[in-house]
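J.: The primary structure of each chain is shown beneath.
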Amino acid sequence: MRPFNHINANSLDTASELVKSGGAVAIAGGGDLLPALKDNIFPEYPKIVVNLKSIPGLDYITLDGDTLKIGALATLADIARSPLVQANAPILARAAGSASSPSLRETTTIGGNVCQLPRCWYFRKLNNRFDCSRKGGGQCFAIMGDNRYHSVFGGAGFNTDAGEKRTCIAVNQSELAPVLNVLTAKFVTTGRVIGNLDFFGVGVLTTTVLNRGELLKEIQIPLTDFAKNSRYKRFAFRKSIDFPVINLAIAVNSDRSQYHICLGGVAPTPYIALKAEELLNGKTITPELAEAAGIAAAEGAKPFEANAYKVQLIKTLVKRELLTMT
Amino acid sequence: MADLLGANGTREKFRVVGKPNIPGLTSYALATGVAKFGADYIAPDMLFAKILRSPYAHARVLNVDFSEALKIPGVVDVIFWTDPIFKGIAPNPIGGAAGDYLRNEAHHEGAEVAAVVVAESEGLCDEALNALKVDWEQLPFIVDIEKGSDPALPAIRGPEYDESGTYGPPMTTADGIAWMATHYPDDPRKQGNVGWSTKTEGDMEAGWKAADFTLEYDVNLHDVVSLLPNPQASVAWWTENAYKSGETLRIEGAVGRRGAVATMYGLPNDNVIQEGVFQGGKYCDWGLRMAQEITPLLSKKLGRPVRCCNTREENFDMCVNERRAHVKLGVTNEGLITAVDDSSLIDHGAPNSSEMTVYDRDWNGYYTLKCENITQLYTVVDSNRGFMHTCGQFVPYSWDMITVGLYLIAEKFGKDPTEIARLNLHGPDSQRDLNLVPSFEKCLEEGKKEMNWNWHAAGTKRLPDGRLHGASFRYQMCPRHAFLSYFTKLEYRGGVVHFPTQGPVAGWFGTECFTMIAAEELGLNFEDIVVDYDYRAEHTDEAGGSDGVTGHGWIVKECANLLKKRILEAVIADTLVTTSRFGPMEFPKAPSPFAGYSAEDLDLMNGCVIVKAKPEISVPLAQACTATVTADYGGNSPKSAWATQFGRKLDTMNTSWCEVAVDIETGEVEILKYLVVADVGKVIRRTSLESQIDQVVFFSQGAQLLEEYILDPATGVKLNANMLDYRRPTTLDVPLVSKDILETRAGDGAYGASGISHNLANSHLIITAIHNATGVWVDPPATPDRMIAALAKGGKL
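Line by line, the protein sequences are chains A and B.
To convert, note that position 140 of the first sequence is 140 in this note's numbering; the numbers rise steadily by one, no gaps.
To convert, note that position 353 of the second sequence is 679 in this note's numbering; the numbers rise steadily by one, no gaps.
One should not assume that every hint holds.
[To be verified] List of simulated lysine-lysine pairs, DSBU-like, C-alpha gap at most 35 Å:
#: 1; chain 1: B; residue 1: LYS1122; chain 2: A; residue 2: LYS283
#: 2; chain 1: B; residue 1: LYS459; chain 2: A; residue 2: LYS47
#: 3; chain 1: A; residue 1: LYS239; chain 2: B; residue 2: LYS999
#: 4; chain 1: A; residue 1: LYS283; chain 2: A; residue 2: LYS302
#: 5; chain 1: B; residue 1: LYS413; chain 2: A; residue 2: LYS38
#: 6; chain 1: A; residue 1: LYS275; chain 2: B; residue 2: LYS1122
#: 7; chain 1: B; residue 1: LYS696; chain 2: B; residue 2: LYS525
#: 8; chain 1: B; residue 1: LYS397; chain 2: A; residue 2: LYS20
#: 9; chain 1: A; residue 1: LYS20; chain 2: B; residue 2: LYS459
#: 10; chain 1: B; residue 1: LYS774; chain 2: B; residue 2: LYS654
#: 11; chain 1: A; residue 1: LYS135; chain 2: B; residue 2: LYS473
#: 12; chain 1: B; residue 1: LYS397; chain 2: A; residue 2: LYS38
#: 13; chain 1: B; residue 1: LYS397; chain 2: A; residue 2: LYS135
#: 14; chain 1: A; residue 1: LYS239; chain 2: B; residue 2: LYS1065
#: 15; chain 1: B; residue 1: LYS397; chain 2: A; residue 2: LYS47
#: 16; chain 1: B; residue 1: LYS1119; chain 2: A; residue 2: LYS302
#: 17; chain 1: A; residue 1: LYS165; chain 2: B; residue 2: LYS459
#: 18; chain 1: B; residue 1: LYS626; chain 2: A; residue 2: LYS38
#: 19; chain 1: A; residue 1: LYS47; chain 2: B; residue 2: LYS362
#: 20; chain 1: B; residue 1: LYS654; chain 2: B; residue 2: LYS1119
#: 21; chain 1: B; residue 1: LYS627; chain 2: A; residue 2: LYS47
#: 22; chain 1: B; residue 1: LYS787; chain 2: A; residue 2: LYS239
#: 23; chain 1: B; residue 1: LYS627; chain 2: A; residue 2: LYS38
#: 24; chain 1: B; residue 1: LYS774; chain 2: A; residue 2: LYS239
#: 25; chain 1: A; residue 1: LYS275; chain 2: A; residue 2: LYS186
#: 26; chain 1: A; residue 1: LYS239; chain 2: B; residue 2: LYS1122
#: 27; chain 1: A; residue 1: LYS38; chain 2: B; residue 2: LYS459
#: 28; chain 1: B; residue 1: LYS738; chain 2: B; residue 2: LYS1065
#: 29; chain 1: B; residue 1: LYS768; chain 2: B; residue 2: LYS741
#: 30; chain 1: A; residue 1: LYS302; chain 2: B; residue 2: LYS1122
#: 31; chain 1: B; residue 1: LYS413; chain 2: B; residue 2: LYS397
#: 32; chain 1: A; residue 1: LYS239; chain 2: B; residue 2: LYS775
#: 33; chain 1: B; residue 1: LYS1119; chain 2: A; residue 2: LYS275
#: 34; chain 1: B; residue 1: LYS1119; chain 2: A; residue 2: LYS239
#: 35; chain 1: B; residue 1: LYS473; chain 2: A; residue 2: LYS302
#: 36; chain 1: B; residue 1: LYS362; chain 2: A; residue 2: LYS239
#: 37; chain 1: A; residue 1: LYS135; chain 2: A; residue 2: LYS20
#: 38; chain 1: B; residue 1: LYS459; chain 2: A; residue 2: LYS135
#: 39; chain 1: B; residue 1: LYS362; chain 2: A; residue 2: LYS53
These are calculated hints, taken from the structure and not from any lab test.
Okay, chain A solo, but in the shape it has when bound (with noise of 0.2 Å):
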């Protein structure tokens, strides 16, 4: 790992101007930006780190009337093993238990999870080898490339700094994106609330739409009746450490009159399967309309030959999570 100036932030302020005063980024738990800094990803090598662990108070997790609030460094293994969130919330319980490896969520955080920068193996290659549009750069190397992994629903668009519009296929991997996003969860940072369908984005060595020093809070979580009736299953090649190829949160209101499901691993954003709410929405599942459910979720799906058995998941773990819900 190259050298760099380490700072422990008092505030969220003080690290804030820190972060935006450029050449520095932003650590909690480290499970992101660690490995990335050893393997030297980044175009412009950070002059320093700033701590945010050392900010007392931001791990809280708390019951505030009907909302469930979570500090942006409350770790993994925290959420995973709290009473508040296993009755209130418990598919993030679920999520957050089952992410990467017991070791590692002891240390990472929910804040770092879902601003955690894309897993594309070309984005991650050591030694930035690959100038890829996520880093400023000119093309995506994935679309020709070896793209087994990235996104069945095609590509995002987005402009560099410089305004030039550049496109990347790489997915959105966050273990509780998909379960924040059904639990229509808001995201408080240092200027903002943002809500559930507008937090994640794609830019330049970015995954959420945080302009550059605005950090994340704490994420509120309503509970709300689609929390307690929801279900949550990821998909991966390996049974520990591994990111989930597709990951899958589905929540229905007491009533069924709206179902919510939305998929990680298959886009660059987490995915809303609008279609499959459709048609779930007011009824009650069966055997018949989990399989149109799990279609529809798939439905719009453009993949490559490489990562076509992504289609074949979305439509098989939908509806065998609906059928669970029967």
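Knowing the structure of chain A, use the given hints to seat chain B on it.
T.: Chain B in isolation, oriented as in the chain A frame:
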């Protein structure tokens, strides 16, 4: 029981060998973290080095502007391939003509090339590497061996890698069996990047004529990595030594044979001090890495200790090369194979890669068949996929052309593949021997019993949970290395037997096995043998896992018997001494109870010297023998059928069995049961044996379910060369291996033992079980993406 040469081949009673729960001598160190691996070594005032690595699959460094790198405070030097220190170095570990150690041409992405930076910290080395402005000349490359098999493509290797001198008759074994040739005299000459090698035996025309039909199929083997999880590293420095002429090299962490390091630097062994016995896990990968070899050169130039340590990513060298076999069998209506035609397209890897993985066709299993008509045409393609260090995976890994063939014949006739295997397997003595092989029969019987074997045709059995059930079987011969020579020395002094060994401590805990053998032969207990880990010792554990331990064990057995003879002779010599001395004083000595006996009349038992005819005459060894006695024994162990006949003779055998469940909608494969029934001849140390089986099966499961070496087709860059993306199985992904160990004493190592490790490695046992479940072939690894694609192609989705 085998007709064994040497002492005690027919021993029937064992006190130590085979005893369960003998502890590992270094287990405490390993379990507590005391054990030091390469990356753990440091030295005062040391510098750090890092080697430039190529970002391209094939490139030449034309120039390096290092001015910015040298401006970084703490960066000490940047050393280039042109530096005299890199000239005239002999390759390691096999040796050969001395040449340039560091070159300016890289033949695969990640290869060390052209420059080394040296700095006061590892981070500064990274900073310096980043500051180098390298003028790369990108060169044509091949990472797709099928595309690369076009002879018209421009050559990717320079004239220095010319193969014209490799056309000639094959080497022959001690039994006169034609063994390995890179190219046979009549082979077409290499064109571009493509070489050919054809070996034909028997009468192919007669073979095809005798067949009622032909069967053609593909067996594709992908490349997997060696993956050394303990980063390879060394720290080295030079000292003047008042007691030896010339400089002394001290090198720590470069675990391996001391002789290899000394040879590389042209030093007498005594001028190399080597520290480090723990090497961590690896599968038959004998090569030291540049990080382990280069530090003496750098230290000599810079006058300070230098450390160099690979990252894990830098350790992702290939272990097995890619091979695509197209096999055509002539088969009778009874299921008997009459002709074999194997046309394989094989990756040659980057220059100087191990060719043991490429040309050694003889261990591939065809010779276990009654069929003697065999043609093997190898099309070998130079590539830039990666570098293969010396390794031996090839042997069993390519055996599954027969596993699949026998399975397909069985499928055609609706028969159990074990029946087809029995029909085609020749007898113990030759391919024309029609007798059954007792060891195989026993392994078959036990396997069927334990698996509750009830064969079903492909795609016909569904489990209660809806998944499809499949099962498979394969057989092999148990191996024993008999082509290596070994050396052992034992020393009795002060009432204790010392066993000096340089190690290294590897996965198979060979030292414990050898210690048990020595204790057995000397009438001592395991604890009575003191193992001295000493880099100066000649004995090394680097003998090839259980395959080597059984060969090397024979040498230890002989050495222990020699020592025993000499100890007993010393006891008798002591009886002739009537006085003992202390300074100027002389005392009469008590008469020895062994007076009047000869050494042949005596024996060692339970730590005592006894008179054979009167065991009640017993004196503790320490009292009976006060002399210092040594014995050494070296050379080859007896010939082994495995290493000289390659399957034409059969002694100890094994069978492997696998049951899988396949979720047809998700492509997930779960191994329900994996059973190994192995006739190892004689168990030496059960824990070592079982761990050998565990690791080789783990390797095989990983290779068939998850692991593959993924390269970007456009750039040749390795995309998954890291612990996360490469996906070795976790313990949650594979089941515990069931084991049934048989002891027929039919092997040809010590006590009739054979090894186990290599020949359990396989590429298609699980793949065949998947076919039995689904009726669809998938090329390994059977990851869900490949499974879904294969199932869709096969009309199953």
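J.: Look at each hint and say if it fits the structure.
T.: Verification of the supplied hints:
Of the pairs offered as hints, the one joining B/LYS1122 and A/LYS283 holds, with about 31 Å between alpha carbons and a cut-off of 35 Å not exceeded. Restraint check for B/LYS459 and A/LYS47: satisfied, since their Cα atoms lie roughly 21 Å apart, inside the 35 Å limit. Between A/LYS239 and B/LYS999 the alpha-carbon distance is near 18 Å, which keeps this suggested pair within the 35 Å criterion. Among the hinted pairs, A/LYS283 with A/LYS302 is consistent with the structure: their alpha-carbon atoms are about 28 Å apart, no more than 35 Å.
For the hint linking B/LYS413 to A/LYS38, the alpha-carbon distance of about 33 Å falls within 35 Å, and the restraint holds. Under the criterion of a C-alpha separation no larger than 35 Å, the hint pairing A/LYS275 with B/LYS1122 is consistent with the structure, at around 27 Å. Straight-line distance between C-alpha atoms of B/LYS696 and B/LYS525 comes to about 18 Å, which keeps the hinted pair within the 35 Å bound. Only pairs whose Cα atoms come within 35 Å are accepted, and B/LYS397 paired with A/LYS20 is accepted, the gap being roughly 29 Å.
Simply put, A/LYS20 and B/LYS459 have alpha-carbon atoms about 30 Å apart, close enough for the 35 Å limit, and the pair holds. Under the criterion of a C-alpha separation no larger than 35 Å, the hint pairing B/LYS774 with B/LYS654 is consistent with the structure, at around 29 Å. Pair hint A/LYS135 plus B/LYS473 holds up; C-alpha atoms about 32 Å apart against a cutoff of 35 Å. The straight-line distance between the Cα atoms of B/LYS397 and A/LYS38 is roughly 22 Å, inside the 35 Å bound, and the hint therefore holds.
With a C-alpha separation of about 28 Å, the suggested pair B/LYS397 and A/LYS135 falls inside the 35 Å cut-off, and the hint holds. A C-alpha spacing of about 24 Å is found between A/LYS239 and B/LYS1065, which places the hinted pair at or below 35 Å, so the restraint holds. The hinted pair formed by B/LYS397 and A/LYS47 meets the criterion: a straight-line CA distance of about 18 Å does not exceed 35 Å. A hinted pair counts as satisfied when its Cα atoms are at most 35 Å apart, and B/LYS1119 with A/LYS302 qualifies at roughly 18 Å.
For the suggested pair A/LYS165 and B/LYS459, the alpha carbons sit about 30 Å apart, so the restraint of at most 35 Å is met. About 30 Å separates the Cα atoms of B/LYS626 and A/LYS38, which keeps this hinted pair within 35 Å; it holds. A distance of roughly 34 Å separates the Cα atoms of A/LYS47 and B/LYS362; the hinted pair therefore holds under the 35 Å criterion. Restraint check for B/LYS654 and B/LYS1119: the C-alpha separation of about 23 Å stays at or below 35 Å, so the hint holds.
As the CA atoms of B/LYS627 and A/LYS47 are separated by approximately 33 Å, the hinted pair is consistent with the 35 Å bound. Annotation: proposed proximity of B/LYS787 to A/LYS239 holds, straight-line Cα distance about 26 Å (limit 35 Å). Simply put, B/LYS627 and A/LYS38 have alpha-carbon atoms about 29 Å apart, close enough for the 35 Å limit, and the pair holds. Note on B/LYS774 and A/LYS239: the hinted pairing holds, with a Cα-Cα distance of about 30 Å set against a maximum of 35 Å.
Distance restraint check for A/LYS275 and A/LYS186: the Cα-Cα separation of roughly 24 Å lies within the 35 Å cut-off, and the hinted pair is therefore satisfied. A threshold of 35 Å between alpha carbons decides the hint, and for A/LYS239 with B/LYS1122 the separation of about 25 Å falls inside it, so the pair holds. With a C-alpha separation of about 21 Å, the suggested pairing of A/LYS38 with B/LYS459 holds against the 35 Å cut-off. Between B/LYS738 and B/LYS1065, the direct Cα distance comes to roughly 31 Å. Compliance with the 35 Å bound is thereby established for this hinted pair.
Proximity of B/LYS768 to B/LYS741 is assessed by CA-CA distance (about 20 Å); at most 35 Å being required, the pair is judged to hold. For the hint linking A/LYS302 to B/LYS1122, the alpha-carbon distance of about 22 Å falls within 35 Å, and the restraint holds. The straight-line distance between the Cα atoms of B/LYS413 and B/LYS397 is roughly 28 Å, inside the 35 Å bound, and the hint therefore holds. As the CA atoms of A/LYS239 and B/LYS775 are separated by approximately 31 Å, the hinted pair is consistent with the 35 Å bound.
About 28 Å separates the Cα atoms of B/LYS1119 and A/LYS275, which keeps this hinted pair within 35 Å; it holds. For a cut-off of 35 Å, the pair hint linking B/LYS1119 to A/LYS239 stands: about 27 Å separates their Cα positions. Only pairs whose Cα atoms come within 35 Å are accepted, and B/LYS473 paired with A/LYS302 is accepted, the gap being roughly 28 Å. Distance hint between B/LYS362 and A/LYS239 is fulfilled; the C-alpha atoms sit about 31 Å from each other, no more than 35 Å.
For the given pair, A/LYS135 sits about 18 Å from A/LYS20 by alpha-carbon distance, which is consistent with the 35 Å threshold. Taken as a hint, the B/LYS459 and A/LYS135 pair is honoured in the structure, with Cα atoms around 21 Å apart against an allowance of 35 Å. Only pairs whose Cα atoms come within 35 Å are accepted, and B/LYS362 paired with A/LYS53 is accepted, the gap being roughly 33 Å.
When each numbered hint is compared with the structure, no violation occurs for any of them.
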